[in-house]
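K.L.:
Sequences and hints are given; from them, build the entire structure.
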Amino acid sequence: MNSILQVIPLNYYVALAAILFSIGVMGVMFRRNAIIVFMCIELMLNAVNMLLTAFSTYHGDASGQVMVFFIMAVAAAEVAVGLAILVMIYNNIRTVDINELNKLKW
Amino acid sequence: MKALIVIALLGVVAMMSEVFRFKKLLLPLVVVGLLAACGLAIGDWNTAIRYYSDMVYFDNYALAFTSLIIFITLLWLIISKEYFASDSSRAEHATLILFTLCGGVIMTAYSDLSMFFIGLEILSISLYVLASSNKHDLKSNEAGMKYFLMGSFATGFLLFGMALIYGAAASFNLVKIAEYIQTTSAHGQTPMFVYAGVLLMMVGLMFKVSAVPFHFWAPDVYEGAPTLITAFMATVVKTAAFAAFYRLFSTCFGDISGFWAQTLAIISAITMLAGNVLAVSQTSLKRLLAYSSIAHAGYMLMAIVAMNNISGGAIFLYATAYSLGSLGAFACLHAISKYGDESIENLRGFAADNKIWAAFLGLIVLSLAGIPPVAGFFAKYYIFYGVLQSNFAWLVLVAIVSSLIGVYYYFRIIIIMLQPRSETASVLPSLTGAHKALLLISALLALGIGIFPAFLQGLLS
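Sequences listed follow chains A and B, in order.
Position 15, counted from 1, in the first sequence is what this note's numbering calls 15; the numbers after and before it change by one each time, with no gaps.
Position 70, counted from 1, in the second sequence is what this note's numbering calls 1070; the numbers after and before it change by one each time, with no gaps.
Calculated directly from the structure, the hints in this document are not laboratory data.
All clues given are correct.
Straight-line distance between alpha carbons at most 20 Å, and here's what the computed PhoX-like set of lysine-lysine pairs gives:
(1) K1139/B <-> K103/A
(2) K1081/B <-> K1023/B
(3) K1355/B <-> K1436/B
(4) K1135/B <-> K1081/B
(5) K1135/B <-> K103/A
(6) K1436/B <-> K1081/B
Pairwise CB distance ranges, derived in the manner of DEER restraints:
(7) S22/A <-> I1356/B: 55 to 63 Å
(8) S1343/B <-> V87/A: 27 to 35 Å
(9) N33/A <-> Y1385/B: 46 to 54 Å
Part of the chain B face toward chain A, derived, beta carbon under 7 Å:
(10) S1114
(11) E1121
(12) I1125
(13) V1129
(14) N1141
(15) E1142
(16) G1144
(17) M1145
(18) S1152
(19) F1153
(20) L1159
(21) F1160
(22) Y1166
(23) G1167
(24) A1170
(25) F1172
In this text the structure is predicted, and so the values were computed from the model without any measurement.
Heads up, the beta-carbon is just placed ideally off N, CA and C, and yes, glycines get one too.
P.N.:
Here's what the structure looks like:
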């Protein structure tokens, strides 16, 4: 099972996951379109999934891959709820720009 | 474990009530079920069994917090009849509350990081829906959206931290992680992955417990969500989040506390100062309570910083005192804000209209402020004592200063309550029986715990 890790060392997976995760974080902080923010959150979770798979292969231990299934299932449920909230907001204010959500301050 | 099964089944039954048309019976059924669950949790005391190849571990710590959050939910149900009144959404609301509670119980009792993640998500996803459950109110929509974005953002950090720790320790099991950290730190060769993982998990958890600088969502969400849901979030959910935080750090990361304790101490100091200072200038009672709950999160973080043999009992006592106090205050807020106005000025003349109940409210506010005869004082006392034993004297000094700031705005509530109402002000809705009952119960419990604080604290020491 370790053959793939002999071709590409573990460090590369960790670095790629960290880069993907950072792109996700930047996206959540700086993009204003709610749909894109959702996609960036998914990117963060998928960076974690990739990291877990790489570690799981490295250790020869299946529990990391089981965790990936948990994360995928839960992320799907989470984004379903998020999109429902977004549709509700769109019905009320006709936009998905999260800067328009400014009723609550200080 | 039995309590968890009962709550989960109760949630499924609540969903079924829509199909099989026994919605009228739903609330009594939920109350009976929760009482049974609470009884079962207390009945398991001192058993400490590991279930499902060590996925959950119901030790005394888990059982105490499980009973506490079920009990607080039962108290919360006294005032929340209105939330289950509308016929079309009664079953959904009950189901979501029960599943939130289910997630909370898993968060107090997990023994594996994957269970922690699942418990947290069961709790959070139900809460996203509950926070935005007031569909046509833009504020509630916004609260739900903000809570969702911040919650899933924090989950991302938490998961990245878990993945890094898994990468080092090759297991999600708390005991195995603890063993791994103990052996590596004894030889002084803890890998970087562990440090990075601890830091990322700390960020994720601090989002969840609304510690400064990750607190900015909390006042908005607390203000926008329906008042009853805010009361639920500020008590049950916060208790569960702290139970999970303390369990993780005390089981796994105690051996490398030199790495994170100082950081956490600074964050705890900033949290209580910022929460109390920002609460002073609030005009809305709901927002004031939101900032006060941020400040209380700072005090509870102190117990995690101290991490010695009395801090488990201290954080339990504090969570109990804080939940009772907050629930009483939110009950009062809910009673006087029936017309949608949550300004603190609404309390003017409250004492003249309801003499006894104003006295009980005063007692609850004193408990939140931490004035001697009531529970809040002894909760703070044990936390401060534990922190002093762990040599963080400066943190105790900061905590005392911030408590004094806290006393200022808590007393403002009492002073406004005692002043006569102006001629032109509209008459407040009078307290209903349910609100009176909750005020009475939480005030008496706060007083009772104030007289015998060592009992609750001693349970976990």
